[in-house]
Amino acid sequence: MKPKNNNSNSNNNSNCCSNGYSSDVSNGSDNNSPSPPPSPPKPRLTPSLSQCRRRLRSKTKSFVRRENLGSGLNFRRNLRYLLLLPLLYISGLLMCVGPFSGFWGYASVPGSVYRSYENFQRLWDDIRLDNSSALQLSSVWKYKRRVKVQKPCPNSTARNHFSMYRTSIMESPGSSGYLIVDANGGLNQQRSAMCLVLTIRVHIWFCYAHICNAVAVAGLLNAILVIPRFELNSVWRDPSQFGDIYDEENFINNLKGYVNVVRELPEALMEIYDQNISNIPNFRVQAWATVNYYLGVVLPILRDQRVIRIAPFANRLTMNVPSHIQLLRCITNYKALKFSPPISSLAEKLVSRMIERSSMTGGKYVSVHLRFEQDMVAFSCCVYEGGEAEKLKMDSFREQEWKGKFKRKDRVIVPALNRIEGKCPLTPVEVGLMLRGMGFDNNTSIYIASGKIYQAEKHLAPLREMFPLLYTKESLATPDELAPFEGHSSKLAALDYTVSLFSEVFVTTQGGNFPQFLMGHRRFLFNGHSKTIKPDKRKLVVLLQDMDISWKAFKDEMEVMLAESDRKGMMVPRVKKFNRKTSIYTYPLPECACLQGSNNSTFRLTEGANVLNSHHESTR
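Taken in order, the sequence shown gives residues 1 to 620; the numbers are from the UniProt record's numbering.
Be careful, since some hints might not be right.
To be verified - When the alpha-carbon atoms are kept at most 27 Å apart in a straight line, the in silico DSSO-like pairs for lysine-lysine are as follows:
hint, residue 1, residue 2
1, K393, K458
2, K534, K423
3, K144, K335
4, K391, K403
Said to hold, decoys possible - Per label pair, the in silico range of CB-to-CB distance:
hint, residue 1, residue 2, range
5, W402, L295, 25 to 31 Å
6, R353, P484, 17 to 23 Å
7, E474, A134, 37 to 43 Å
8, E474, E385, 36 to 42 Å
9, Q136, D536, 20 to 26 Å
10, R353, E399, 40 to 46 Å
Calculated directly from the structure, the hints in this document are not laboratory data. No residue lacks a Cβ here, since even glycine has one placed at the ideal position from N, Cα and C.
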């Protein structure tokens, strides 16, 4: 009886046997070597290692496929929610604070409606009688920063550093080429050669950053800077030039050894470009360009072409630059940029007069940057108490000034939402309520830094009731003194800047370049403390709409707000090497600290500014 043939075993063992022996059968030949007998099949109780791996890989792949499918479905499902939630949020806001709120019958969202003047009338008796706990100006600021002994930054050391730096980046001595910097894209009828040319078409405080950055770029690339020229702006309509606002001689002298500055340009280069500066090749620099970008991209082109034009120039240099380039910004801002003698002379008189009129508070006063001009009210799209007539007037003004900007289909204007988010300019009565709530009494002298207030007689009346000692540059100066400044908004703003700079308390109400630079300058002067009240407008509008709030409860909230401004005013950001995230113009320390010594005093408006210097020394 023949044994049964096990085909499966023979097939399985044709290549590899379970006992580990391999068969030596060759194709087309007989092999006389006997093969070991097939082993009896063993029960597979446990899988082999290779089988486990194969199974694990297959399970993993199927699991990953299921996970990918599931995550894809979840992502698409979540994406629908992510797209739906903002729509629901916006539609809810429109129903609550938009034009449909009345139709749906919703009560107004707290802070969305202007009722400040009504609240003033309701609380006026309590305000008028409340002078028992008047805040002393000399003790407004509780937080003090320990004054550190700053290392001096001697000119010789700094200039040697720049000399070595230039040698390291230049292949040959001398300038690397001609650089033209345009802040707005248009340099009409201006000449340029062997220099960095800066043309400004914005207001004076935006110029500050451009000028300081232009000096920094000139130092970085070893370019020569020509005295910047300003173009007539269609909004500000100010024909002032650099020399009308700043002291050119002081600007040139304080930058000697760092950046070469010239007033006039050689004619030879302009002849090459047919007296047309727009013929010079333009190079577009990326926004917030790094030092490596300038040295790696701009400098080689500048060396090769010997002239380059950068347009536009706004925000074209990062805040993270080497210390010696950062020092250039400091020197430019606090030493080189000094107001021209006509502005400095009148500014000194205005500060002296404010000190004299503040005798009841020890010569100390409060300055308020009040942004309630007609253009600011119109641009904010906020609604006050003027009703339909005011709305039509503001619509007409917006169309006249900004030509359809506010009528685009993609622009949704919700005045109530603007107010809730703190985007509306504070009115004079709101500023008065806030200051009286913080503890400033009616003996406090207030200086208003502002343009022409919208409906000034109406809106300033309640502020004047709360603070009778209310002054402006127009009330402090004589008509003859102000006559040369008429039609020059930059010169008038320079007067406001100087008087506000030396106030004991500065109040900002709407943001912008003016308060940002002023806060930085005050930090530079007052040992790191900006001495600035920056109100939480989102919180303030809610309180001012509450028609049930008591004067005591309002005062409690304002005292908290003042304490928060005090705390934030003395904060100095932690700046690591090449890691600055804040503006050096708003937070000048620690990089500019070495310029704070008495030998490097930069707040002297003119050589004979004894009043301002003595005032500053008394407040240190």
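Consistency of the hints with the structure:
Between the alpha carbons of K393 and K458 the distance comes to roughly 16 Å, so the proposed pair stays at or under 27 Å and holds. Straight-line distance between C-alpha atoms of K534 and K423 comes to about 13 Å, which keeps the hinted pair within the 27 Å bound. About 26 Å separates the Cα atoms of K144 and K335, which keeps this hinted pair within 27 Å; it holds. Taking the CA atoms of K391 and K403, the gap is near 17 Å; set against the 27 Å cutoff, the hint holds.
At about 40 Å, the beta-carbon gap between W402 and L295 misses the expected band of 25 to 31 Å. With their beta carbons about 18 Å apart, R353 and P484 fall inside the hinted range of 17 to 23 Å. For E474 and A134, the Cβ-Cβ distance of about 28 Å falls outside the hinted range of 37 to 43 Å, so the restraint is violated. Against the hinted window of 36 to 42 Å, the Cβ-Cβ separation of E474 and E385 comes to about 26 Å, which falls outside the hint.
Separated by about 24 Å at the C-beta atoms, Q136 and D536 satisfy the suggested range of 20 to 26 Å. Between R353 and E399 the Cβ separation comes to about 41 Å, which falls inside the hinted range of 40 to 46 Å.
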